[in-house]
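Using the sequences and the hints, build the whole thing.
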Amino acid sequence: MKLLTLQRQMARAVMTPLTPSERMRSSGASGRSQRAVAARIIKPNDRLSSFERLEIYNRQYWFRLLSAFAEDFPGLRAVLGGKQFDAVAKAYLTDCPSRSFTLRNLGSQLGGWLRKHSKWAGTRQKLAVDMVRLEWAEIEAFDGKAEPRLNPEDLAGANPAKLRLWLQPYFQLLDLRYPVDDLLLEVRKNDGDAEVASNAFSERRKRNRAHAVARMKPSQIFLGVHRLDDSVYFRRLDRDEFAILSALRGGKPLSAAIETGLRESSLAPEERAEQAERWFRTWAALGWFCRRTARRGDRPA
Amino acid sequence: MPANRFNSFTDYGIGIGLRATHYDHILTRKPVVDWFEIISENFMIDGGRPLHILDQILEQYKVVQHGVSMYFGSAEKPNREHLRRLKTLVQRTKTPWLSDHLCWGSVDGRYTHDLLPMPYTFEAARITAQKIREVRDFVEVPVVVENVSSYAEFHVSEMTEWEFLNEVVERADCGILLDVNNIYVSSQNHSFDPFTYVNSIPAERVAQIHIAGHSKYRKYILDTHDHPVIDPVWKLYARAIERVGHTATLLEWDDSIPSFEEVHDEALKAKRFLASASLATAV
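Going down the list, the protein sequences come from chains A and B.
Mind the numbering: the first sequence is residues 4 to 304 in my numbering, read in order.
Mind the numbering: the second sequence is residues 16 to 298 in my numbering, read in order.
Read the hints as simulated data drawn from the structure, not as lab findings.
Check before you lean on any hint, since a few could be wrong.
Said to hold, decoys possible - For lysine-lysine, the following DSSO-like pairs were computed, each having C-alpha atoms within a straight-line distance of at most 30 Å:
1. K231(B) - K93(A)
2. K46(A) - K93(A)
3. K129(A) - K86(A)
4. K109(B) - K148(A)
5. K92(B) - K148(A)
6. K148(A) - K45(B)
7. K250(B) - K5(A)
8. K46(A) - K109(B)
9. K234(B) - K46(A)
10. K109(B) - K45(B)
11. K234(B) - K93(A)
12. K93(A) - K92(B)
13. K92(B) - K46(A)
14. K148(A) - K102(B)
Stated by the list, open to error - Label-pair restraints from in silico Cβ distances:
15. E74(B) - A288(A): 20 to 30 Å
16. R152(A) - R107(B): 15 to 25 Å
17. A39(A) - I272(B): 34 to 44 Å
Ideal placement from N, C-alpha and C gives every residue a C-beta, glycine not left out.
Laid out in structure tokens, this is it:
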């Protein structure tokens, strides 16, 4: 048997979902017998059958991926509950196996996948999608590229009609239907407390989390997910702020970005210039603007 | 003095794996450690805290890169994005050598994130050696390959694991990262004498040695890196050192990680074996 053929057969078996009791299935997705596949490629020994030896790898694969996935999406777990989260994780990883050399990218398709497969989150689909978008944005903001900050002297003499301001590649802009930032922070706090918690505390934590999710009502928010001193923060933005920043990320020159951003503003016309100046001062202080030109990954939000 | 042309870095002594749970201890207490091994993939990113931590470590310590997903034995070509990021990191760390595993783990662009065992065939040896050469030519540092723990053997195998290792490293003209714990684990799972393995590897190619703990189950042993090193593994290590001389040694501890001191103390137990190797060289 050729190397590629063997690797395809074994990988297909290893990536087949486990049974509910976390054992290897007797047949794969296409109905092929896993026992026959194992017997064809793997030798038995005096303690383990071919099937049992292959099963070690099948279980390791799922345990490793599910553990990494759970680590990345504690907010989604809180939204869906443990049992449904596990089901979603298995379905997603079956549909979207890792195509990256790093587990960091395991959840990169999850937002889109959840949108397409509404049955998995049921009535909480929009909330679940928002939470995934936030958790993925946090991953991107944590280790995304930082370019040198823009200094005031970099702008000296620039024409606002032509000037383009670039946002840091790690900076993420989100418009969300639910205030999932509050929920995620609460989940994190509870998880942190739980490290030194008793069983009774753990039960209370689960109830608190369930109540927090149940309380969650739609309420549109705009967020800047950014990094300061290597820590990731969620900063709530006004609708106008979000619109201006989105226009800048979309490549509009400064004047046009402000004009677009404030087109539907509720601010009185005479307040706009002063307010916009305050925003720009804050954004600059937070290091959101950078000097270099856009590159891959620095796309409109 | 180097014991062989692949381990010119005998002064590296005993290292430990750099793990996030120990960052604060290392950066605040600055313990004396010969070197740290990093998992390359954890730092093949664009920015943020991991790289800032790494830069602080690099200011004070020697660092060697160890990869977990190059998959030299996968039948497909190396991933270009992976290679590009790996080379960027190599330039940052100035690692004197680069290690990864003699295994496969991806096929048709899909990754298992596991170290899957090789079929010990001449075809696999040829493909693997070619890939090692391609990676070495791209990253421009010496590459060394590590034997993995395994739980399965293939019908198609045409040789033993150690014969396969020898075949690959000869074809690729590369070094070996000899993991004596992996040899022990596989010897128990496949019923062979681990000393036969250690005695069969080309000593002149061993650039580095790994030691670690594992977990014993009823019917097999799993390479979990979550325990101290057991005596039979120390005996294998002693034999390896006897054969290859003073060689950079690293303790892996990746799960249920205890305090920094406990990990380091466990690693330093290797000192007595290295000392006797140095003595033998001097005599």
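Hint check:
1. A distance of roughly 28 Å separates the Cα atoms of K231(B) and K93(A); the hinted pair therefore holds under the 30 Å criterion.
2. Of the supplied pair hints, the one linking K46(A) and K93(A) holds, its CA atoms being roughly 29 Å apart against a limit of 30 Å.
3. At most 30 Å may separate the alpha-carbon atoms for a hinted pair to count; K129(A) and K86(A) meet this at roughly 19 Å.
4. Distance check on the hinted pair: K109(B) and K148(A) sit about 21 Å apart at the alpha-carbon level, within 30 Å; holds.
5. Distance hint between K92(B) and K148(A) is fulfilled; the C-alpha atoms sit about 27 Å from each other, no more than 30 Å.
6. Taking the CA atoms of K148(A) and K45(B), the gap is about 28 Å. The hint holds against a cut of 30 Å.
7. Between K250(B) and K5(A) the alpha-carbon distance is near 38 Å, which puts this suggested pair outside the 30 Å criterion.
8. Distance check on the hinted pair: K46(A) and K109(B) sit about 42 Å apart at the alpha-carbon level, beyond 30 Å; violated.
9. For the given pair, K234(B) sits about 15 Å from K46(A) by alpha-carbon distance, which is consistent with the 30 Å threshold.
10. Our distance criterion of 30 Å between C-alpha atoms is met by K109(B) and K45(B), whose separation comes to about 21 Å.
11. Between K234(B) and K93(A), the direct Cα distance comes to roughly 28 Å. Compliance with the 30 Å bound is thereby established for this hinted pair.
12. For the proposed pair K93(A) and K92(B), the alpha carbon gap of about 28 Å is at most 30 Å, so the pair holds.
13. A C-alpha spacing of about 28 Å is found between K92(B) and K46(A), which places the hinted pair at or below 30 Å, so the restraint holds.
14. In summary, the hint linking K148(A) to K102(B) is supported, as the alpha carbons are separated by about 17 Å, within the 30 Å threshold.
15. For the hinted restraint 20 to 30 Å between E74(B) and A288(A), the CB-CB distance of approximately 29 Å keeps it satisfied.
16. Our hint of 15 to 25 Å for R152(A) and R107(B) holds, since their Cβ atoms are close to 21 Å apart.
17. Taking 34 to 44 Å as the suggested C-beta distance range, the pair A39(A) and I272(B) conforms, at roughly 41 Å.
Going through the hint list in order, the structure does not satisfy hints 7 and 8.
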